[in-house]
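J.: Generate coordinates for the entire structure from the input sequences, incorporating the hints supplied.
The residues making up each chain are set out below.
Number of protein chains: 2
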Amino acid sequence: MDTRISFLGLGIMGLPMAGHLLAAGYPLTVYNRTVSKTDSLVKQGAKLAATVAEAASDADVVITMVADTPDVEQLLLGEHGVISTIQSGATVIDMSTISPAASQVIYGKLGAKQVGFLDAPVSGGDVGAINATLTIMVGGDAVTFQRALPIFDCLGKTATHIGASGAGQICKACNQILVASNLMGVCEALGLAAANDIELKPLVKALGGGAAQSWQLDNLGPAILNNQLDPGFMIELLAKDLRIVEEALDAAGTVAESTSKAKQLFDRLMDEGEGRLGTQALVKAYEQLGKVRIRG
Amino acid sequence: MDTRISFLGLGIMGLPMAGHLLAAGYPLTVYNRTVSKTDSLVKQGAKLAATVAEAASDADVVITMVADTPDVEQLLLGEHGVISTIQSGATVIDMSTISPAASQVIYGKLGAKQVGFLDAPVSGGDVGAINATLTIMVGGDAVTFQRALPIFDCLGKTATHIGASGAGQICKACNQILVASNLMGVCEALGLAAANDIELKPLVKALGGGAAQSWQLDNLGPAILNNQLDPGFMIELLAKDLRIVEEALDAAGTVAESTSKAKQLFDRLMDEGEGRLGTQALVKAYEQLGKVRIRG
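First to last, the protein sequences are chains C and F.
Residues 31 to 326, numbered by the numbering used here, are exactly what the first sequence covers, in order.
Residues 31 to 326, numbered by the numbering used here, are exactly what the second sequence covers, in order.
Hints were generated in silico from the structure; no laboratory data involved.
Cβ atoms here follow ideal geometry from the backbone N, Cα and C, with glycine treated the same way.
You can trust all of the hints, since none of them are fake.
Label pairs and their computed distance ranges (CB to CB):
id : chain 1 : residue 1 : chain 2 : residue 2 : range
1  : C       : Gly138    : F       : Ala97     : 50 to 60 Å
2  : C       : Asp156    : F       : Arg273    : 35 to 45 Å
3  : F       : Asp260    : C       : Asn161    : 35 to 45 Å
4  : F       : Asp69     : C       : Ala281    : 55 to 65 Å
With a straight-line Cα cutoff of 27 Å, these simulated DSS-like cross-link-like pairs (lysine-lysine) come out:
id : chain 1 : residue 1 : chain 2 : residue 2
5  : C       : Lys270    : F       : Lys235
6  : F       : Lys293    : C       : Lys291
7  : F       : Lys293    : C       : Lys235
8  : C       : Lys270    : F       : Lys291
9  : C       : Lys235    : F       : Lys270
10 : C       : Lys293    : F       : Lys293
11 : C       : Lys293    : F       : Lys291
T.: In structure tokens:
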């Protein structure tokens with residue numbers, strides 16, 4: 031393969047993702063603010079770029095995987111960012127979860143330099159990144175999506191072209207709406223049962239067999255019953271994503287009151303220093319609200 | 031089998047359920063306020079009781095399947111109700127969805143006459159009743175539950191003993207909390223996507239592959255996209271169940287704000303005369319709120 035890929039952002043998600051691309055035989059250049067995180071990949075043959083501009087200068091594809099909207103804007107559009115050196119005809123793929131509106135701005139600015147741009151956020155967490163089983167939701171031009179498919183195939187089990195630029199981020203926002211409301215339902219249901227002194231294990235099993243079933247109930251219900259609050263997916267990341275959801279809702283003029291309620295509860299847990307627990311620690315907010323012990 | 035069963039309430043759920051018991055060989059007596067609904071079962075060999083008291087007088091097991099708490103209270107505890115003629119040692123099984131607190135009162139009053147009582151609400155709807163694939167959530171004494179298992183096995187695919195009297199109804203309330211919050215999430219997510227002019231079919235497929243997945247999304251998402259609003263499960267029944275949920279929450283001193291929000295939206299749809307549509311017609315409320323067309 032001679033598509034030269036530069037991977038920017040080697041955090042808990044980016045490091046294993048970049049590793050899959052290197053293992054697949056792509057010529058890989060890596061950049062990370064904390065340089066030590068590039069060590070393992072450089073040992074395996076990746077090229078280290080000292081700056082973002084250097085990483086972008088000879089890449090066919092630049093992939094970004096960082097925390098939040100300003101990080102992506104800085105990497106891609108900043109004075110010494112990707113846009114300063116990337117060649118026309120190249121493609122940028124942002125796999126971070128960021129604002130859909132910001133994604134569209136980036137698409138426009140890169141497009142003006144004949145650089146393709148895909149917003150391609152993922153779900154599946156660090157386990158999905160490590161096992162290359164991520165779900166990838168992609169917005170942008172169909173032809174750019176098709177060209178990027180071999181790369182996505184190294185990283186996830188499904189990559190879906192959702193629509194035009196920003197549509198991948200909107201889909202991710204929808205994903206987090208469902209994650210938050212389904213998890214709220216789990217906490218509300220378990221709260222009612224716990225307040226009635228009902229043994230929760232057979233209850234969760236019975237509820238999982240029909241119209242009440244959800245991934246959140248199946249996976250986080252048992253974690254809650256066993257008082258396992260380690261992530262999984264961290265509250266501080268979901269709280270960040272729900273801020274993006276709210277911005278997207280405002281921009282669209284739509285409402286999602288249950289999601290807004292969830293955001294309040296997660297923000298409160300953040301204030302209480304619980305941001306690095308798994309999202310199932312939402313149960314703690316419901317234990318306070320209902321003055322009831324839900325966890326086993 | 032010589033366990034004599036009297037079945038009270040031959041509506042959309044009760045009629046097929048009673049039919050399964052007759053087909054299984056149980057000596058069956060039936061009672062229904064509208065007598066004509068008993069015709070088909072009487073032709074197949076069921077005995078017709080002219081009154082509730084008559085139906086209960088020689089039964090080993092009385093099963094009730096009616097609409098709401100006052101109906102069950104009237105049938106079981108009313109002046110000429112089951113309690114007036116039922117023999118000690120018999121068992122009453124209420125499979126309606128009613129108030130957990132009322133179930134416990136009934137348990138106490140029947141218990142004082144040495145009559146066993148199980149609250150055994152179901153999920154799975156009319157399709158589950160017809161195909162004998164209901165999920166049955168049971169509260170009451172374990173020994174009474176064990177004795178009733180052969181009957182439950184004729185009616186559903188799983189019967190779970192959740193706990194003491196009322197626990198079956200609490201479990202059903204939890205079920206409806208999850209149904210309502212998961213469905214709200216679906217409408218909120220689709221509303222955001224529709225407001226961004228995103229094609230919803232690939233979006234729903236992508237969302238169903240990970241942490242956002244739910245029975246509601248899998249089953250009612252496509253119905254919404256196809257503008258199929260026929261029930262399924264009727265709004266007026268879910269609205270009734272959510273009233274029971276709110277009573278149970280109040281009694282327990284717990285909160286479920288997303289469920290309370292769902293109840294408001296379903297109540298509004300009732301006011302607008304949409305009560306006989308399927309629950310997925312919740313999407314109409316979100317179309318109004320967000321001023322966006324979500325259905326295909």
